[in-house]
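The listed protein sequences derive, respectively, from chains P and E. Add 90 to a position in the first sequence, counting from 1, and you land on the number used in my numbering. Add 48 to a position in the second sequence, counting from 1, and you land on the number used in my numbering.
No lab work stands behind these hints: they were computed from the structure. Just so we're clear, the structure is a prediction, and the values are computed from it rather than from any experiment. Do not take every clue at face value.
[To be verified] Derived pair list, reagent style DSBU-like, types lysine-lysine, alpha-carbon separation capped at 30 angstroms:
1. Lys209/P x Lys296/E
2. Lys121/E x Lys228/E
3. Lys96/P x Lys283/E
4. Lys228/E x Lys209/P
5. Lys247/E x Lys448/E
6. Lys283/E x Lys215/P
7. Lys154/E x Lys84/E
8. Lys171/P x Lys209/P
9. Lys209/P x Lys337/E
10. Lys247/E x Lys285/E
11. Lys162/P x Lys209/P
12. Lys448/E x Lys363/E
13. Lys209/P x Lys384/E
14. Lys209/P x Lys121/E
15. Lys291/E x Lys384/E
16. Lys209/P x Lys285/E
17. Lys283/E x Lys151/P
18. Lys337/E x Lys215/P
19. Lys291/E x Lys337/E
20. Lys296/E x Lys152/P
21. Lys152/P x Lys171/P
22. Lys134/P x Lys215/P
23. Lys228/E x Lys245/E
[Stated by the list, open to error] According to the in silico footprint, chain P covers these stretches of chain E (three or more CB under 8 angstroms from chain P):
24. 272-280
25. 294-305
Just so it is clear, CB atoms sit at the ideal spot from N, CA and C, and this is done for glycine as well.
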Amino acid sequence: METSNKTILIVEDEADLREALATALAYEGYMILQAGDGEDGLKKAFESKPDLILLDIIMPKKDGLEVLKEIKSDDSLKDTKIIVMTVLDDLEKIAEVVESGGDEYIVKTDITLEGIITKVAENLKAQEI
Amino acid sequence: MNVRSSRTHIFLSTTGIFVLLSAILFFVWRVVEIPKEYLDETLLGISFFAVALITVTFYQSMKIYDSANVIAKNITEDFLQYSHELFTELYRSSPVPYVVINPVGKVVSMNTATARLFHTELNALEGIDIFSFFKNDESHKAALVPEYFKEGKSVSDVELEIQLPDETKRWVLLSLFSFKEAGGEKRGLLTLVDITKQKMIDKAKTEFVSLASHQLRTPISGMKWNIELLLTAGKDKFEDIHKAYIEKISGGVDRMEVLINDFLSASKFELGTLEPEYSDIQVFDFLLKVHDELVGMAEEKNIRIETDFGPNLGKINTDPHMFRTIVSNLMSNAIKYTPADGVVGLNVQQNTENVTIKISDTGIGIPQEDQEMIFSKMFRASNARTKVTDGTGLGLYIVKESVAVLGGTISFVSEQDKGTEFTVILPA
């Protein structure tokens, strides 16, 4: 898969995590956009129409679930894949992610960067089909 | 001195005096030369004297005995009166709520502390079934209390949640034992110690641990990912020594993550927020994976893992995460507490109803005196603490709680310096 023409938006308030993700994905050749809170994330999503969004749940200003619902209710972003990231392994939140139209969820502590790269690639491949 | 021994005493004293006088009489008769003509009178006189002395002694003894009896009776009555007052005062004013119940659980009497606990007037509960207040208890322990009482067994220190007449709830520590009243009727004495405050403190502590563990997981993810970046990006630039340092940091972070996850699991079990998520798993494939993950740890100590997978292994419906935790914790414990060159066994059998997993080792064993406590939270056996320094004492607690949530049982046999075998039976 050609990665250079794909844009990924990372919405995550923890700078250490966001930057590590950005570095690892940029290394794979993706175009990377970053946002440190839900509001900024939503703004950048509508501006740049990324191919995939990595979205944290617990964030200041607007939490990930609200961002997810707003994106999914807008037609212009209907093709954008969304992978929700959480440290919560609680079932209710995850069930809500699935109901709100998230394509996938990952538990940050349980996954390596390599694992995330694989998930991103799988979702983008599914998008092409 | 009791009545019986007093009587014996008087009888023996009187008999003694009689024998003594007979001896004197015999002596006088044989030694003193009494003129023949006075012999009859002398003997008669001495006999009269003897009988009189015996009678007087007996009479005096009986008098002393009677007055002693009166004194003893007075002392006993005073003591009984004192005991009764003491008991009544203790029962009434004790800070511990006491309730006396009849054989069907209806309240016969209660003390002030009970009235305070139930937010009612003193004796307002008389005639009410005390067990009806325990109905909301979710642990089903409450249902066992009346049964035990019926069978005449004692119940001690059972934690229950009770619902009061004004709908508020309290946590109590319940003890119950039966006794017979003076009239012979069976009664039960209940103590209900209010432990609501301790329970709330305990809950707050658990919630704090849960929150802290949650918060700590984010920086751990950051560390793990940055270590991964270092190792990927720097793999051609670093020398071996640098890579070794990074590996050490990585190992430390992994250990920290395991600890935090253990704290989080333990707090979830305590808060009752852990709901199992059931799905079908293939027992053989699943356990082989767990086994493979632990092979490296065993090889470091040259420990052989002997597996025995039964012929009927198929699917079971369980929570995969908990199932994995159970087997993985027991196996890594077995490896950890087995000296180098030992053997760890994994035996798995399945039938239509359940799957039985036996995990054995040739390790240090669990000392007899520690065996009762082994599943308690934060407990580590005395020999485990000295031989293996790391460990939180949460592993077996999590295993026991997971087994309970999945509806299974766990047991073990262990001999110090010989080894241990755990048996887990889970529904299929």
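Outcome of the hint check:
1. Lys209/P x Lys296/E: holds, 28 angstroms
2. Lys121/E x Lys228/E: The hint holds at about 25 angstroms.
3. Lys96/P x Lys283/E: holds, 27 angstroms
4. Lys228/E x Lys209/P: violated, 72 angstroms
5. Lys247/E x Lys448/E: Holds, at roughly 21 angstroms.
6. Lys283/E x Lys215/P: Roughly 29 angstroms between the alpha carbons, so the hint for Lys283/E and Lys215/P holds.
7. Lys154/E x Lys84/E: violated, 89 angstroms
8. Lys171/P x Lys209/P: Judged against 30 angstroms, a Cα distance of about 11 angstroms means the pair holds.
9. Lys209/P x Lys337/E: The given pair, whose Cα atoms are some 22 angstroms apart, holds under the 30 angstroms limit.
10. Lys247/E x Lys285/E: violated, 56 angstroms
11. Lys162/P x Lys209/P: Satisfied, since the Cα-Cα distance of roughly 20 angstroms is no more than 30 angstroms.
12. Lys448/E x Lys363/E: holds, 22 angstroms
13. Lys209/P x Lys384/E: Distance ~35 angstroms between Lys209/P and Lys384/E Cα, so the pair is violated.
14. Lys209/P x Lys121/E: Violated: Lys209/P and Lys121/E sit about 93 angstroms apart, past 30 angstroms.
15. Lys291/E x Lys384/E: holds, 26 angstroms
16. Lys209/P x Lys285/E: holds, 28 angstroms
17. Lys283/E x Lys151/P: Violated, because 39 angstroms separates the two Cα atoms, which is more than 30 angstroms.
18. Lys337/E x Lys215/P: holds, 29 angstroms
19. Lys291/E x Lys337/E: holds, 28 angstroms
20. Lys296/E x Lys152/P: Violated - the C-alpha atoms of Lys152/P and Lys296/E are around 38 angstroms apart, more than 30 angstroms.
21. Lys152/P x Lys171/P: Status holds; Cα separation ~19 angstroms.
22. Lys134/P x Lys215/P: Roughly 23 angstroms separates the two Cα atoms, so the pair holds.
23. Lys228/E x Lys245/E: Distance of about 34 angstroms is beyond 30 angstroms: violated.
24. 272-280: holds (count 6)
25. 294-305: violated (count 1)
Checked against the numbered hints given earlier, this structure breaks hints 4, 7, 10, 13, 14, 17, 20, 23 and 25; the rest are met.
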